[in-house]
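Undergrad: Work the whole structure out from these sequences, hints included.
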Amino acid sequence: MKPYPRPKYWNEPTMGWWERAYIFEVTRGLFITGRIFTRNMWRWMTGRKGALTTYYPEETRADYAPLNRGKHILVQRIDGTPQCIACNLCATVCPAKVIEIEAAFNPANPEHPKYPARFEIDYSRCVFCGLCVEACPEDAIRMLKEVPNLPALDRDHMWLGKDELLTWHPQNDGAKR
Amino acid sequence: MIQDLVIALVLIGYAVGVLLSFGTVLTWVERKQAAIMSDRIGANRAYIRIPFTQVKLVWLGLFHGIADGLKMMLKEDFKPKTHDALGYMLAPWIVFTPVLLVFAVIPFGGTLDPGKLVPLLADWFGQRTYPLQIARLDAGLLVVFAFSGLTIIGAMLAGWSSNNKFSLLGAIRAGSQMISYEVVMGLTVLGLILIYGTIDLGSMVRQQSGVVLGFLPAWGIVYQPFAAILFLTAAIAENKRIPFDLPEAESELICGYYTEYSAMKMGLFMFAEFIEIAIIGALFTTLFLGGYNPPFLTDAGFALPGGSTIALPHALVVLLQLAVFLLKVLVVCSFQILIRWSLPRFRYDQLLTFAWKILFPLALANLAATVVWIWIMERA
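Here the protein sequences come in this chain order: V and H.
Read in the working numbering, the first sequence has 166 at position 166, and its numbers run on one by one without any break.
Read in the working numbering, the second sequence has 206 at position 206, and its numbers run on one by one without any break.
Calculated from the structure, these hints are not laboratory results.
Beta carbons are placed, not taken as given, at the ideal position from N, Cα and C, and that holds for glycine.
Don't take each hint at face value.
[Stated by the list, open to error] Cross-link-like lysine to aspartate or glutamate pairs, in silico, EDC-like; alpha carbons within 16 Å at most: (1) V:49 with H:378; (2) V:2 with H:349; (3) V:49 with V:59; (4) V:114 with V:102; (5) V:162 with V:102; (6) H:56 with V:102.
[Stated by the list, open to error] DEER-style ranges, computed between Cβ atoms: (7) V:15 with H:212: 33 to 43 Å; (8) V:14 with H:69: 45 to 55 Å; (9) H:71 with V:52: 22 to 32 Å; (10) H:213 with V:23: 17 to 27 Å; (11) V:15 with H:136: 41 to 51 Å; (12) V:16 with H:149: 34 to 44 Å; (13) H:251 with V:145: 28 to 38 Å; (14) H:335 with V:19: 14 to 24 Å; (15) H:71 with V:133: 33 to 43 Å; (16) V:133 with H:77: 24 to 34 Å.
[Claimed, not checked] If you want a taste of the chain H side facing chain V, the calculated C-beta under 7 Å gives, among others: (17) 36; (18) 37; (19) 40; (20) 41; (21) 113; (22) 334; (23) 338.
TA: And the structure:
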């Protein structure tokens with residue numbers, strides 16, 4: 001039986017005798033990986049870090065991009081109340097349906113009578129799309145570049161409530177009065 | 001007589017212990033070495049918590065092997081409905097047992113004189129000495145090949161009895177690959193047999209303790225550097241690890257001939273693979289790297305190239321030989337792992353072409369060159 005004709009590809013590699021002999025290039029590859037191994041091993045042995053990866057929950061990256069969509073925060077007014085008016089737009093637009101808002105009425109404040117009594121985000125389902133930030137008419141929810149402290153042993157511990165979301169206190173910010 | 005039995009049991013216990021711990025430790029070495037090679041940290045999450053405290057011992061992830069073993073033992077042993085009961089049950093053991101048996105003929109230390117080692121037992125043992133080797137067989141190397149050939153049967157049986165097309169394909173691939181590379185392996189070793197004039201592994205190692213050209217240790221790799229490369233290549237292919245992992249071929253055959261195995265049966269296949277790394281390391285050390293002797297050491301002590309000798313006490317020599325053997329094996333194992341994480345896989349036709357059209361003629365050429373060289377040396 002004739003062997004199945006192998007297709008010729010447009011980017012078929014052209015190899016000289018050096019590459020064709022295989023053993024030389026393989027040895028070179030082994031030297032490369034071996035060099036990196038010894039280099040990293042030496043770093044670990046001299047008490048430095050020999051890896052590019054991060055030992056995640058214990059160690060977080062410092063170089064998140066400034067526009068990275070990390071964890072959510074609720075913007076605060078001067079008096080510390082959330083700027084959120086519990087309009088539920090973010091919860092409506094959320095594709096993963098992770099935001100749960102319970103609105104409440106505050107007769108003492110005629111300017112902002114409606115406020116969220118409960119504002120919770122389920123990070124076990126959040127897809128970090130940032131649509132909630134886009135949808136918010138009051139600029140009340142934003143995303144920081146830092147990631148939320150997610151790792152937990154079960155899903156119930158991946159909910160962040162109002163307490164955690166209201167921890168953002170920037171020095172100067174155009175927050176509404 | 002009873003003394004022989006005691007010593008034999010001790011040696012068997014030592015060998016089995018060494019092999020099993022190598023199998024466990026190598027899973028860790030493989031993970032960590034691969035991680036460090038590729039700028040990662042590697043497995044470091046499994047821990048043992050000291051009871052009643054919050055102290056967690058991580059020890060660089062050393063417990064991941066234990067966690068794996070535990071997981072394998074506790075998992076459901078799922079069997080396909082249509083498997084062949086007998087073959088399915090036997091196959092993992094047919095793969096696993098010969099791998100352990102190969103070690104029986106490999107000498108892992110020089111001569112042991114128990115009377116000298118433990119003065120209390122001097123009367124009981126008298127003048128008896130024992131080579132640190134489970135079975136002192138004249139046909140050592142042949143036994144190695146005989147047993148490592150048995151593994152093929154296990155792989156084929158596993159694939160056939162699973163009644164799964166992927167398994168069967170994997171088994172057929174395993175059969176053709178292992179038989180092809182077995183031939184190459186045998187041919188590469190023939191050169192060594194010609195040089196040493198024996199196939200007794202213990203005697204081979206003793207012949208390698210000398211010095212050649214005045215300063216080089218008379219290791220097999222010095223006499224037969226080419227055969228060493230070919231042998232290591234064929235041995236890795238024999239073990240079906242990554243550059244030659246066509247029988248498993250995750251991307252094509254799911255898991256090859258052990259697709260249908262789960263829990264500890266699958267664990268046995270994996271364990272056999274890791275122990276075989278150690279076995280290859282031990283074989284390579286014995287055949288090419290001077291066995292248990294560091295350069296210039298003999299059973300009496302160091303014999304340096306300048307003609308000076310340093311006598312060492314018996315206990316120290318034995319310990320040194322055991323340690324050096326383990327060290328050499330570990331180095332060869334580490335090199336195999338380096339190869340496994342560096343080289344891209346072969347295509348299947350490339351694999352067999354590599355065996356029959358490249359390695360086989362090279363091994364033959366090496367054998368012919370050795371024969372000619374020996375003939376010239378005998379004439380001269």
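Undergrad: Please go over all the hints and tell whether each is borne out by the structure.
TA: Hints and how they fare:
A hinted pair counts as satisfied when its Cα atoms are at most 16 Å apart, and residue 49 of chain V with residue 378 of chain H does not qualify at roughly 58 Å. Only pairs whose Cα atoms come within 16 Å are accepted, and residue 2 of chain V paired with residue 349 of chain H is accepted, the gap being roughly 14 Å. Between residue 49 of chain V and residue 59 of chain V, the direct Cα distance comes to roughly 12 Å. Compliance with the 16 Å bound is thereby established for this hinted pair. For the proposed pair residue 114 of chain V and residue 102 of chain V, the alpha carbon gap of about 10 Å is at most 16 Å, so the pair holds.
For the hint pairing residue 162 of chain V with residue 102 of chain V, the CA-to-CA distance comes to about 11 Å; that is within 16 Å, so the pair holds. Note on residue 56 of chain H and residue 102 of chain V: the hinted pairing is violated, with a Cα-Cα distance of about 41 Å set against a maximum of 16 Å. The hinted window of 33 to 43 Å between residue 15 of chain V and residue 212 of chain H holds, with their beta carbons roughly 38 Å apart. About 48 Å separates the C-beta atoms of residue 14 of chain V and residue 69 of chain H, a value consistent with the hinted range of 45 to 55 Å.
Separated by about 29 Å at the C-beta atoms, residue 71 of chain H and residue 52 of chain V satisfy the suggested range of 22 to 32 Å. Take residue 213 of chain H and residue 23 of chain V: their Cβ atoms lie about 25 Å apart, and the range 17 to 27 Å holds. Between residue 15 of chain V and residue 136 of chain H the C-beta distance comes to about 50 Å, which sits within the given range of 41 to 51 Å. Judged by the Cβ atoms, the range 34 to 44 Å given for residue 16 of chain V and residue 149 of chain H holds: they are separated by roughly 39 Å.
Between residue 251 of chain H and residue 145 of chain V the beta carbons are some 37 Å apart, a value that agrees with the proposed interval 28 to 38 Å. The hinted window of 14 to 24 Å between residue 335 of chain H and residue 19 of chain V holds, with their beta carbons roughly 23 Å apart. The hinted window of 33 to 43 Å between residue 71 of chain H and residue 133 of chain V holds, with their beta carbons roughly 42 Å apart. For the pair residue 133 of chain V and residue 77 of chain H, the supplied restraint of 24 to 34 Å is violated, since their beta-carbon distance comes to about 50 Å.
A distance limit of 7 Å between C-beta atoms decides the matter here; for residue 36 of chain H the minimum to chain V is near 5 Å, and the interface restraint holds. At about 5 Å, the closest approach between the beta carbon of residue 37 of chain H and any beta carbon in chain V falls short of 7 Å, and the interface hint on this residue holds. With a least beta-carbon distance of about 5 Å to chain V, the hint placing residue 40 of chain H at the interface is held under the 7 Å criterion. Hint on residue 41 of chain H holds. Least Cβ distance to chain V is approximately 5 Å, under the 7 Å limit.
Nearest Cβ of chain V to the Cβ of residue 113 of chain H: about 39 Å, over the 7 Å cut. The hint is violated. Because the beta carbon of residue 334 of chain H sits about 9 Å from the nearest beta carbon in chain V, more than 7 Å, this interface hint is broken. With its C-beta approaching chain V no nearer than about 6 Å, residue 338 of chain H sits inside the 7 Å limit, and its interface hint holds.
Checked against the numbered hints above, the structure violates hints 1, 6, 16, 21, 22; every other hint is satisfied.
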